[in-house]
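Chains as they are written, first to last, in this note's numbering: chain X, 36 to 116; chain C, 10 to 154.
These are calculated hints, taken from the structure and not from any lab test. Predicted model only: the values in this text are computed from it and were never measured. Just so you know, not all the hints are guaranteed correct.
[Unchecked claim] Example chain X residues on the side facing chain C (calculated, C-beta under 7 Å, incomplete):
(1) Asn55
(2) Leu56
(3) Asp68
(4) Gln78
(5) Asn80
(6) Arg84
(7) Phe102
(8) Ala107
[Unchecked claim] Derived pair list, reagent style DSS-like, types lysine-lysine, alpha-carbon separation capped at 27 Å:
(9) X/Lys49 <-> C/Lys93
(10) X/Lys97 <-> C/Lys123
(11) C/Lys93 <-> X/Lys85
(12) X/Lys49 <-> C/Lys54
(13) C/Lys54 <-> C/Lys87
All C-beta atoms in this analysis are idealised placements derived from N, C-alpha and C, irrespective of residue type, glycine included.
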Amino acid sequence: MPKMDGREVLAQIKKDESLNLIPTIILTTSEADKDILESYQLQANCYLRKPVELEAFEGLVKQINDFWLTMARLPPPALPT
Amino acid sequence: MAIEVLIVEDNPGDVRLLQEAFHNLENLIHLHLAEDGVAAMAFLKREGVQSQSPRPDLIILDLNLPKMNGREFLALIKADDNLKMVPIIILSSSEADADVSLSYQLHANCFLRKPTQWDAFDAIVRNIGAFWLAKTRLPQQGVGA
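Construct the complete structure from the given sequences, taking the supplied hints into account.
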């Protein structure tokens, strides 16, 4: 990504105690093992390969919805400070 | 190559349900069991009788465990540069928001509520299979070592 790439965004989110509980899913075209490893080392919650075909892309978004937004427990909204 | 899955769970009934539910995935995975956090650490560190244990590709962790509870285990693993990349799914009967928040703050990869009914239990495991074992890219062992 321009200006600040995804690794830097991920690292900053996961170092910030007010933000680090937000589940962060990597969605990228990279299939490089080193990118996968680095993402998990930076505490990405999950790594998904971005499909190039629309149908597969829609299927993946549905799976994200079915798993993360339906089945998984997400952190409760932050209380006002 | 089979995916190595470590289940850290002390309740024999839940272990049996997990084994039964994972049965349909037995061609895809090798299932390993640890009954508490200490046993799970020994598995990961390849200590004692666990000297030949494989490195897990995915850990499914209960929170309330004897000897070393799931929160302590999670904190230790995610602070260890050699282990922190292993995805950990919390599977807990706790509904407390504080447990969910703390788990994510300790870098659990995901939090799932452990159901009490078999059908829901089976559905959770099928979803873990469909999402984490089939769709998610897991870190490859040995890369970067």
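Notebook entry, point to check: Can you list which hints this structure breaks, lowest number first?
Noted result: Hint check: nothing fails, all pass.
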